[in-house]
Every structure is written in structure tokens, then in C-alpha cells.
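Using the sequences and the hints, build the whole thing.
Line by line, the protein sequences are chains A and B. Okay, so the first sequence: first residue is 66 according to the working numbering, each after it adds one. Okay, so the second sequence: first residue is 8 according to the working numbering, each after it adds one.
Hint data in this document are derived by calculation from the structure and do not stem from the laboratory. Heads up, none of these hints are tricks.
Pairs of lysine-lysine residues, derived as PhoX-like cross-links and limited to a Cα-Cα distance of at most 25 Å, are as follows:
#, chain 1, residue 1, chain 2, residue 2
1, B, Lys193, B, Lys16
2, B, Lys198, B, Lys317
3, B, Lys196, B, Lys15
4, A, Lys265, A, Lys252
5, B, Lys54, A, Lys232
6, A, Lys232, B, Lys55
Chain by chain, the residues:
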Amino acid sequence: MKLEELEDLATQVRRDVLRMVHHCQSGHPGASLGCADFFVALFFSKLKHNPKFSMEGKGEDLFFLSNGHISPVWYSVLARAGYFDLGELSTFRRLNSRLQGHPSTHEGLPGVRVASGSLGQGISVGIGAALGKRLDQDPQRVIVLTGDGELQEGQNWEAAMFAAHHKVDNLLVFVDYNGQQIDGPTKEVMDNGDLSAKFKAFGWEVLEAEGNDMEKVCEGIESAFAALGNGKPVLVLLHTEMGFGVDFMVGTHKWHGIAPNDEQLEKALAQLNSTLQDY
Amino acid sequence: MILEYKEKKDTRSGFGAGLTQLGESHPQVVALCADLIGSLKMGDFQKKYPERFFQVGIAEANMMGIAAGLSISGKIPYTGTFANFSTGRVYDQIRQSIAYSHKNVKICASHAGLTLGEDGATHQILEDIGMMKMLPGMTVINPCDYNQTKAATLAIADFYGPVYLRFGRPVIPVFTPENQIFEIGKAWKIKEGKDVTIFATGHLVWQALIAEEVLAAQGIDAEIINIHTIKPLDEEAVLASIRKTGCVVTAEEHNRIGGLGDSIAQVIVGNQLVPQEYIAVNDSFGESGKAEDLMKKYGLDAMTIVEKAKKVLQRKHYE
Numbered sequence: 066m067k068l069e070e071l072e073d074l075a076t077q078v079r080r081d082v083l084r085m086v087h088h089c090q091s092g093h094p095g096a097s098l099g100c101a102d103f104f105v106a107l108f109f110s111k112l113k114h115n116p117k118f119s120m121e122g123k124g125e126d127l128f129f130l131s132n133g134h135i136s137p138v139w140y141s142v143l144a145r146a147g148y149f150d151l152g153e154l155s156t157f158r159r160l161n162s163r164l165q166g167h168p169s170t171h172e173g174l175p176g177v178r179v180a181s182g183s184l185g186q187g188i189s190v191g192i193g194a195a196l197g198k199r200l201d202q203d204p205q206r207v208i209v210l211t212g213d214g215e216l217q218e219g220q221n222w223e224a225a226m227f228a229a230h231h232k233v234d235n236l237l238v239f240v241d242y243n244g245q246q247i248d249g250p251t252k253e254v255m256d257n258g259d260l261s262a263k264f265k266a267f268g269w270e271v272l273e274a275e276g277n278d279m280e281k282v283c284e285g286i287e288s289a290f291a292a293l294g295n296g297k298p299v300l301v302l303l304h305t306e307m308g309f310g311v312d313f314m315v316g317t318h319k320w321h322g323i324a325p326n327d328e329q330l331e332k333a334l335a336q337l338n339s340t341l342q343d344y
Numbered sequence: 008m009i010l011e012y013k014e015k016k017d018t019r020s021g022f023g024a025g026l027t028q029l030g031e032s033h034p035q036v037v038a039l040c041a042d043l044i045g046s047l048k049m050g051d052f053q054k055k056y057p058e059r060f061f062q063v064g065i066a067e068a069n070m071m072g073i074a075a076g077l078s079i080s081g082k083i084p085y086t087g088t089f090a091n092f093s094t095g096r097v098y099d100q101i102r103q104s105i106a107y108s109h110k111n112v113k114i115c116a117s118h119a120g121l122t123l124g125e126d127g128a129t130h131q132i133l134e135d136i137g138m139m140k141m142l143p144g145m146t147v148i149n150p151c152d153y154n155q156t157k158a159a160t161l162a163i164a165d166f167y168g169p170v171y172l173r174f175g176r177p178v179i180p181v182f183t184p185e186n187q188i189f190e191i192g193k194a195w196k197i198k199e200g201k202d203v204t205i206f207a208t209g210h211l212v213w214q215a216l217i218a219e220e221v222l223a224a225q226g227i228d229a230e231i232i233n234i235h236t237i238k239p240l241d242e243e244a245v246l247a248s249i250r251k252t253g254c255v256v257t258a259e260e261h262n263r264i265g266g267l268g269d270s271i272a273q274v275i276v277g278n279q280l281v282p283q284e285y286i287a288v289n290d291s292f293g294e295s296g297k298a299e300d301l302m303k304k305y306g307l308d309a310m311t312i313v314e315k316a317k318k319v320l321q322r323k324h325y326e
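Structure (C-alpha cells):
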């Protein structure tokens, strides 16, 4: 897919995110908007994956979302990639929906391989999936997205130690490095310190990438893929801005988990030109 | 005659033997351990199948997540650590990544209950059956001796879904047949009787059999049912026995709240009201001591079963 097409798609995904969260007046728009470029680049350009979903995903790259609260952006991208009907996005967070507030395998949504929402578990699961691929001699990769605030959970550091010790070098972890969490800037709530130095000290290859410029996002993912296979797990600090694309939502934790009202939705959508078709 | 046995062994060794056998018969079986290979008897599997064995170190939460991830590619992960660290410490990881995600992970837990002994309450656990049983979709198994633990270890490999397999440390009589078929979810009537039913699980099954002999000598005909699968519970077998004998004793090495006794009580409340007495730890933590002494102090022994059996019999006649 061409760069402009990816950019248009990311704009559309942002529209989806806002409409989904507005429709049920519940959900997490902030980091969903911030990660839209990454998800679009990954699923429409870089990831080897099959929308005719199989749980095992043999011969495919596997993606795991650890910070499950940004489910709207993932659901939108999965639907637009053909995993399920686009119209289903309107059921997000509503009774009898497969689109649970946080992703779940329980209702059998194609694309989701493990539930997430309770934070800090995604890297561990990714390691297991990567070890499975190694045992099966499947050369494809396992990609995990985790939040930066989420790294406050101790399980991540157990996982960091294991992945380096066991040389899990088909594992690629992206950190949504937006510096915000529910209660405020991460630096104020519980400073992560120098994440790059910390992961390097654990034995990881660490890269950095720009997360809200499509061309640079694509380059970042490519460099990360190229770094795999060298005896080390790879971590990418993906610099994003929470709420990117909507001027009154950008760069603040205030839109972490708040739904826009009718007026705010209209204002936000006006900044995101409809490129394709709303669901 | 039921009380005959040739040797004593620990149930955890039954797990180790079963796991090693699975290594040969089931190439999809993988094993993970959190720095307790010797305690869990996983050493043989590790030696024979090193590429399918993962040492995770003292990091149980990570172990549960990795197990969930491994199951995605069709592997059948067996995790091994003490029961306390297999459940309470990692309840949320099991809940989200394994049970809610319906992953084919076998959580194998040694040193369950009181009889870990001298290490004391931090290493014992009396709440694990309750915690695991409350998770939707979780199968909970607590076999009674070496042979049954081995059989259960083998059986759960061919059963899709999360399983909690609980076993212990002390050496106890091996009284069930070698190479038995383990039927998940099926109660095992060890001895037919008409006066009182004793439902027992794990280490307490042997105590129930001793109690049965004492009761028989006093003219009381007890039915002994081994509930090795606490969830799903064999309600049909439970009800059939309750309807016949009209009174019940349940026996388990667990807190009286949330364990086998409560599972049986739910069947009673929903169907046939009969008197019931619990053999269980009365909502307290354990303490250091020799396994046998602990069993006596906390009333998890044959004589307490005899006493409670007489009590329910009295209640049956009175009520």
C-alpha cells in the first residue's frame, strides 16, 4: 500500500475510534488515536497475516496487544483488514458484542489470541508464542504492543529477564511511549526512568522510532524487523502523542479514558477528513 | 481389604512419572518450572526433552503468561511450582491469560494443603481449590495417591482446556491400581455402603478408608467416594449416594470455605436436603510441623472422620 493510502487509512481509523467511543459513551480514545499510524502501518504494510483467522497462525506474524484498553484502534484495523464485518464496530462495548471493552478470545473475535486489559501480561504471552514458533521452526515473528505506563507492572521485568536469558530473538516489543497514564504524566505518576538503558541492561536490543509520521513509522517497523534474529529480543520505543490528530485531545492524559460528547465528536471529526467510508 | 498397599510414595512423584511418559507419547507437551525442578519431580522430563523444557526462574506470573502463549501454537504446557505460587500468587495471570482466554494450560501444583509441613503457612495453601474452582471453565483435579496422580497427569493431556492439577509432598500409601484409566469428572466409588457417605479427595481418601474400617467394626456401613475431580463435579454420583445413605461427611486438606465440602453442600441444597459435616481446616492458616501431626491437630485424620460420621448419622435419625 502506498504511503498516502496508509495515511488516509489512519485518518479513517481515527474517525472509527472516535465514533465507536462516542457511540457507547465509553472507552479509551487517547492512546487509540496515538497508535493509529502504527496499527495501520503494521497491519496494512508490514505484518504477514491472514484475515481468514486461525488461532495457531502458523507461518504468520502474530500480534498481541498488551495494553488492551486501546481496543478501539485494533478493532477498527482488524475490521478494515477484513477480519470481520465493518458494521460490527457499532457494537463496541455493548451487550452481546464480540467487541468487548478490552479484547477477549472468549466471544471468538477473529484476530484476538489472548485476552488483555489487566496490564503487564502481554510480553510474557508474546514470549510463549515466540517459543512456540521456535519449536515449530516457524520463521515468522511475534510482535507485542505495550503501554509505557504499563511497564510499571513487575511481570514485564520478569519477562524482560527471561526473553534475554533464553535469547528469544523472534520477539519484538513496541512500547507506546506517550508519557501519559490515567492519573497524569508518567514522569509524575511513577517515572519509568531511562527505559532504553533499562532494557539494554536486561540484554535487549533497543531502538527508537517516531510513531505519528507514517513514513517514519514504516521505517521504524522495518528497522525493528531487521534487528531480529541476532540472539536478542528487540524493543522499540515508539514515540507517540496521546490523542494525535485532534487538537483538543493531543498530548494530555485527560482523554485517556473519556468519551467525547456530540459536540466534541463533531469538532474532532471535522479535523479528520473522511477519506474512505465510515462504518 | 481395601487398606492393603505394597508401598508408600508421594503424589508429586506420580506427576513427574506421568510427565516424563507424556514426553514420549505427546510431542506437543512442553513443561515450565519456576526454580523447583526437584520438588516438582520434573528433572527426568528436563533431561530427556531439554528443548521442550523451560526454566523460568522465580517468576511465576511470567511463567503463566508464557504458558498461555505456548498454547497458542498448539503446545500443551504443564507449569510446575508449589500450589501457593501456582494459584494465589498468579491468580490474575491465570484468570486473564489462561482461563478467560480458554488456553490449554495445565497448572500443576505440588505441596498443596497442610502437609508440606515444617515450612509453615507461607508455603502451604488451603484456599487453592476454592480459587481455581471459581474460575469459569477451569477443571480442578485432586488425585489421591501416586498411581492416580500419574493417571491424571496423562489424562489431562488429551483433554482440551485449562486444568488445575493438585498434589502433595508426603509419602502416603499407594492403594489404587497401576495403569488405571483416569476419567475426568467421574467420581470413583471405592466402597459401597448404606449408612453414611464419605466424600473424600486427595490425601484424605486414605484417611477415609481407615475410618471406614473403624466404622465397620462398630456396625456402621459407610460408602466411600473418591472425588478426584472437584470441578466439574460428578453430581449424578453424588446425588445417587446421598439419596441412598441420607447423610454425608466430606473430607479434604483445604479450608472448609470454598473447597469440596462446599461443592457437595451446593448439590445438597439444590436437590436433597441431608445432614452434612465437614472434615477440613476451619478457616485458618496452617503452621510448621510434621505432616502427620498437622493432620491430627487440624482434624484431618481418620478418627475425626469417624467422629463426624457418627454425628451425621445421629442427625439423620433425629431430623
